[in-house]
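Heads up: the sequence lines are chains S and V, in that order.
For the first sequence, position 52 (counting from the first letter as 1) is numbered 52 according to my numbering, and the numbering increases by one without interruption.
For the second sequence, position 76 (counting from the first letter as 1) is numbered 76 according to my numbering, and the numbering increases by one without interruption.
In short, the hints are calculated from the structure, not lab data.
Fair warning: there could be bad hints in the mix.
To be verified - Simulated restraints on C-beta separations:
#1 Gly41/S to Glu82/V: 48 to 58 Å
#2 Gly56/V to Ala333/S: 41 to 51 Å
#3 Glu319/S to Glu236/V: 31 to 41 Å
What the hints assert, rightly or not - Okay, the calculated bits of chain S under chain V, using three or more residues with CB under 8 Å as the criterion:
#4 38-50
#5 78-86
#6 205-213
#7 369-381
#8 393-402
Stated by the list, open to error - Heads up, incomplete: computed chain S residues facing chain V, CB under 7 Å, no partners named:
#9 Phe218
#10 Ala348
#11 Trp352
#12 Leu363
#13 Tyr366
#14 Asp423
For each residue, glycine too, the CB sits at the ideal point set by N, CA and C.
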Amino acid sequence: MFQQSQAAATTPAVAETATWQPQIVALICNWCTYAGADSAGTARRSYPASVRAVRVPCTGRVDPLLIVKAFEQGADGVLVSGCHPGDCHYVQGNMVARRRFTVFRALMDFLGLDNRRLHFAWISASEGAKWSRAVDEVTTAVRAAGPLRDWGRTGARRSAVRLPAVPAAPRSAPSADDQRAVGGHLQRLAATLLTEGRVSVVIGYTPGSLPAQMVPAFVTRPEDAPALGWSDRCVNNLSVYLPGAVRQWGKVALVAKRCDVNGVVGLLQESQIARDDVVVIGVACPGVQDDGGLALKCHACGGDAPPHADWTVTPGGAEPGAHPSGASGAVAADPRDALVTYLESLPAEDRWAYWQDQFSSCLRCYACRAVCPLCYCAVCVAEKNRPQWIPVNIEGKANMTWNIARALHLSGRCGGCDECARDCPADVRLDLLNHRLSREIEQRFGYRSGADPAVAPPLATFRPDDPQEFIR
Amino acid sequence: MSEGAMASATRLTPDELHGWLAGMLGDKRVLAAVDEDGLRVFRSVERADQIALPTGKTRWSPKEFLFARTETLFAYSVAGNEVTLDGAPVESAEQVLVGVRPCDAAGFLRLDAIFLDGDADSLYASHRVRTTVVTVACDEAGPECFCTAVGGSPASDKGSDVHLTRVADGWLVRPVTAKGDRLTASLAGVGRAPSPEEHAEAETQSTRVAGHIRQSAIAREWAAILESRFHLPLWETLGRRCVGCGICTYVCPSCSCFDVTDTGSASCGERCRSWDSCTFAAFTRHASGHNPRATQAARYRQRVLHKFSYFPLGHDGESMCVGCGRCVQLCPVGLNVRETVQAVVAAAADGHDAGG
């Protein structure tokens, strides 16, 4: 099915002829739309022969990666169609799929894909007329969009799009005394937890080899606790180590900032760790510095003490329990909002060029995956090779597929720690992709990551009245 | 640097240098460090105004122009009973890498040893023979730099075809190889002989920058010590925080591992090789599921030992690492190969035996 070179070999040749016909892949469910298409045929309805139908058991089976693969292999447009909500053969498959499509569509729109190429429909077995009309309309739209020739490219950046400057940091660095005080409290607390046998390891920060650098540290003996420290360079989200550390050591104490706790909550939500496995040492963090100054994620964070903590450490001391003030504490706008809004204000083709540029530099080192607490899969989709979902080649098309898959897999799960973007050696703005999708999910489904470990992740559930204005 | 070598240098003004570089455009593919919205990397440049000789190193090494991220080994197509086999696409255009740092040029020599010694890798060889390397002596060193600890120097011309040194108001240009002679032939009658002051300035700069790199040397004899401490439990502690991304290997001037994959159908397809990384779990995972490098710490040990033990033991003690420091600077969790090596050697000196 997925033969890259085959599609690559045929598409341009077809596209060059004056009688170019768009190639449209239709992913249609067995129970409704497939039967609907069949009834259109039986009724001798005519519609363009541009659609290649792929029968799936249910739209709930349609991983957006199937759509991505269709584009990667040379499709000019994709139509996904299934049963109307309420009519699903499997009761709710299409309603779970609807949320997935909502997010996928938002991502592709943000990337700047011409929205004439991507279509969704509910077409029942009795709606042969709707099927032929849908194919007609989709074909017209894709034909107007023309052949899709620039799905992923490699080489120098070409886009003229430059993101606007970020406003100055809303606050100055915390005082050295405060940082030292927090470090001291962390050392004493770690020593106590280890001495009393409440945990077998404390994962915190220790000075690294570069100036001012702080790096992850695993302390297993009370006498090593003085190695721990704290500063505004404690950038890592240490929850990435949690599942492995729990397997290795059992009880784990974890030093966590407000944003890191979102990772802990995500791991709890998805049953990767148990609440009893981890002692969360929440630090009231006034913001961390990355190369460009105060990290973007910190602008809008008031430095409140983290929720869900078992201990709360402030310059004043270490106290048991979580002590978030509950006040919003927002001190400034989130600059990621402004950057996302700016990109959305551009014409789609400019956005497309911008993201093609971004992905063209991707080295596929998978640092984005390695540092993400929610990327815990034992076998990543990038390693699945029957079929080869993500091509191994480090070039444009494969980079597109990887980056889209990564963003989608984190949607509704990403806690916004931005570690992926901080570590990306090619400076791909993964933070903006994640932020855009988090915004979509908040607006559409009223869900925010990291709030409640007991709540189902938004893409694992649905509401019958979820918005569906984009589905014909 | 010998006096004789310096004698053949030419002193150019910035304009003369630029003119020389611009003259290469057209008949050669010119690769230079380009700033792309904060990301400095080597790119193919088309216009003279794109050629700059920057200070500081590029985000990753320019090895991709000799050993591409992905390249086709062969392609096939089937039509009826006819099978057509196409070899790797042959590129013949001469390419010039302009503004290469000495550490990256040293990296090319390591790649040469890996790909050309014995049965030469024909693809690598075809890229290498058509490549001319113009190096620039470093006029600054970052906190991550440690070339001097592994036998390099910020002013080294090893691996270079033409070596440039920045002096006040100009440049010293010195061909190092026959390739370099050909590339600088167009400079006949351009520029002037450097003054003694300019020679002295170049020497001072070299000493000054080397002085900034205050990293103690990694001794050649450590290669054997490291190998004998393969089982040292300390490796587990040292590599514990490695998260298993491939940044260190992909930005490295001398990492050269690749994966070979086939894509295709009954009618056409191709075999490619793409960069791969020993830090990935899948790098050594067997089809059975068994992984001889079962832990991330074991994978980190592999990378360190390949650079500082296995390669040197087969190459007269020469470290595979060239000390560019990129892996130190870009590691998400601040791993430092130099410190790791020192820690293992120190543990060995403290009398820790080879362990279990």
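So, going through the hints one by one against the coordinates:
Evaluation of the 48 to 58 Å hint for Gly41/S and Glu82/V yields a failure: the beta carbon distance comes to about 37 Å. Here the CB-CB span from Gly56/V to Ala333/S is close to 33 Å, at odds with the stated 41 to 51 Å. A beta carbon spacing of about 34 Å between Glu319/S and Glu236/V agrees with the range 31 to 41 Å that was offered as a hint. Evaluation of the coverage hint for the region 38-50 of chain S: breached, as 0 residues show C-beta separations to chain V shorter than 8 Å, against a requirement of three.
Closer than 8 Å: that is the beta-carbon criterion, and the region 78-86 of chain S has 0 residues meeting it against chain V, so the requirement of 3 is violated. Given as covered by chain V, the region 205-213 of chain S passes the check, having 5 residues with a CB less than 8 Å from a CB of that chain where 3 are the minimum. Note: the region 369-381 of chain S has 3 residues with beta-carbon separation from chain V under 8 Å; the three-residue rule is met and the coverage holds. Proximity of the region 393-402 of chain S to chain V, defined as three or more residues with a beta carbon under 8 Å from a beta carbon of that chain, is established by the 3 residues found.
Given the 7 Å rule on beta carbons, the hint for Phe218/S holds: about 5 Å separates it from the nearest Cβ of chain V. At about 20 Å, the closest approach between the beta carbon of Ala348/S and any beta carbon in chain V exceeds 7 Å, and the interface hint on this residue is violated. Look at Trp352/S: its Cβ only gets to about 17 Å from chain V, farther than 7 Å, so that hint breaks. With a cut of 7 Å, the hint placing Leu363/S at the interface with chain V holds, because the nearest CB-to-CB distance is about 5 Å.
A hinted interface residue such as Tyr366/S counts as satisfied when its beta carbon comes closer than 7 Å to some beta carbon of chain V; here the least separation is about 6 Å, so the hint holds. Because the beta carbon of Asp423/S sits about 4 Å from the nearest beta carbon in chain V, less than 7 Å, this interface hint is met.
Hint check: violations occur at hints 1, 2, 4, 5, 10, 11; the rest are consistent with the structure.
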